[in-house]
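Okay, here's what each chain looks like letter by letter:
2 protein chains.
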Amino acid sequence: MDFSSKLLEQAVAEMSQLPGIGKRTALRLVLHLLKQPEPQTEQLAAALVNLRTKIKLCSNCHNISDSEVCEICANPKRIRDTVCVVEDIRDVMAIENTGQYRGLYHVLGGKISPMDGVGPSQLTIKSLIDKVKVGEVEEIIFALSSTLEGDTTNFYIFKQLEGIPIKTSTIARGISVGDELEYTDEVTLGRSIVNRIPFENSLKN
Amino acid sequence: MDFSSKLLEQAVAEMSQLPGIGKRTALRLVLHLLKQPEPQTEQLAAALVNLRTKIKLCSNCHNISDSEVCEICANPKRIRDTVCVVEDIRDVMAIENTGQYRGLYHVLGGKISPMDGVGPSQLTIKSLIDKVKVGEVEEIIFALSSTLEGDTTNFYIFKQLEGIPIKTSTIARGISVGDELEYTDEVTLGRSIVNRIPFENSLKN
Chain A
1 MDFSSKLLEQ AVAEMSQLPG IGKRTALRLV LHLLKQPEPQ TEQLAAALVN LRTKIKLCSN
61 CHNISDSEVC EICANPKRIR DTVCVVEDIR DVMAIENTGQ YRGLYHVLGG KISPMDGVGP
121 SQLTIKSLID KVKVGEVEEI IFALSSTLEG DTTNFYIFKQ LEGIPIKTST IARGISVGDE
181 LEYTDEVTLG RSIVNRIPFE NSLKN
Chain V
1 MDFSSKLLEQ AVAEMSQLPG IGKRTALRLV LHLLKQPEPQ TEQLAAALVN LRTKIKLCSN
61 CHNISDSEVC EICANPKRIR DTVCVVEDIR DVMAIENTGQ YRGLYHVLGG KISPMDGVGP
121 SQLTIKSLID KVKVGEVEEI IFALSSTLEG DTTNFYIFKQ LEGIPIKTST IARGISVGDE
181 LEYTDEVTLG RSIVNRIPFE NSLKN
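Note that the protein sequences, when read in sequence, are chains A and V. Numbering-wise (our numbering), the first sequence opens with residue 1 and increments by one. Numbering-wise (our numbering), the second sequence opens with residue 1 and increments by one.
Worth flagging that the hints you see were computed from the coordinates, not collected in a lab. A hint or two may mislead.
Remember, identical chains collapse to one label, so a pair may be satisfied in a single copy or spanning two.
[As the list claims (entries may be wrong)] For lysine-lysine, the following DSS-like pairs were computed, each having C-alpha atoms within a straight-line distance of at most 30 Å:
| # | residue 1 | residue 2 |
| --- | --- | --- |
| 1 | Lys23 | Lys167 |
| 2 | Lys6 | Lys35 |
| 3 | Lys23 | Lys133 |
| 4 | Lys35 | Lys159 |
All of these numbers come straight from a predicted model, not from anything done at the bench.
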């Protein structure tokens with residue numbers, strides 16, 4: 001693209017480095033900002049820089065936080081010996097939204113994925129194992145995405161925990177609530193039969 | 001959404017004010033920035049603020065520009081008495097890319113659209129009429145989108161020019177180069193028959 005303005009070109013170039021934002025979309029967003037009052041752009045810029053420079057990771061669970069220890073880890077009402085292993089803050093938010101979980105979290109910061117160059121050392125797995133070894137944890141709940149990378153990561157951590165007497169579980173996989181049986185994929189349906197639960201359990205909640 | 005961090009919440013709130021960016025996409029973009037080195041966020045923020053505070057509109061054609069007069073208007077090789085009326089800089093870029101136009105532009109800054117609260121006074125129509133009255137312009141080419149708003153705007157300007165001896169034209173509407181006739185919509189096909197051109201003209205370019 002041939003811009004009539006270097007300033008515009010730079011803004012579009014920076015904007016289009018964001019994932020899923022191409023040059024055209026970047027131009028549209030930037031032109032939108034130009035039509036809005038100046039403070040909006042300044043607030044956006046300040047919010048991004050503030051976030052990037054001031055954000056902390058909770059020293060306990062590695063979740064994104066404004067303080068040394070995040071609100072969840074600092075909450076005395078939380079069950080401290082149950083730890084739910086998740087990929088990132090979005091999963092924490094999703095689980096929190098259910099209102100069904102009262103334990104703590106451990107945010108890995110990603111999944112083991114050799115294709116993307118992510119190995120165990122880039123994740124916070126060691127910190128999790130250390131926590132377990134100290135004896136702080138009674139149950140670990142694996143709540144990673146049901147993908148090859150998620151399963152690999154679960155299994156890697158499970159192997160690391162070998163020999164340590166700890167309860168491990170994984171969130172249930174099965175057909176979604178409200179799903180029609182005939183449209184469910186075979187693997188999911190197959191597993192949901194193998195891992196069937198006592199009927200009275202399904203009456204809870 | 002329930003954020004564990006006020007900084008994150010603010011960044012997402014600002015980001016999701018951009019058109020077409022919802023809360024979820026904003027969160028994805030912001031988390032991406034957190035994974036990148038700090039300078040990337042700072043450069044993005046600086047580029048946006050720079051653009052918003054330093055950008056100028058060309059005093060002649062109202063196009064976005066780094067200087068008082070844009071490169072196109074300042075170019076002595078341009079044909080100065082032909083003015084192409086467009087909506088915004090994206091249209092200027094699109095027409096420049098064709099390499100078929102050597103005249104000047106006049107950027108309206110939008111289209112007349114009562115639904116969006118845009119009237120003639122918010123556009124640079126008066127400045128265009130003034131330019132014409134001074135006698136600087138010999139031909140005006142309307143190059144707005146072929147929509148209701150575009151046609152309304154064209155017609156409004158056309159009416160304003162009544163009584164002034166000036167040549168007006170509009171970019172040709174017809175079937176796109178490479179299009180199959182059977183898939184072309186009726187209105188376009190109908191107009192392309194009514195506005196048929198001498199065959200020898202189609203041999204140009």
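Going through the hints against the structure:
1. Lys23 - Lys167: This pair counts as neither: shortest intra-copy Cα distance 49 Å, inter-copy 36 Å.
2. Lys6 - Lys35: Both: 18 Å inside a copy, 28 Å across copies.
3. Lys23 - Lys133: Neither: 49 Å inside a chain and 39 Å across chains, both beyond 30 Å.
4. Lys35 - Lys159: between (56 Å within a copy, 28 Å between copies)
Checked against the numbered hints given earlier, this structure breaks hints 1 and 3; the rest are met.
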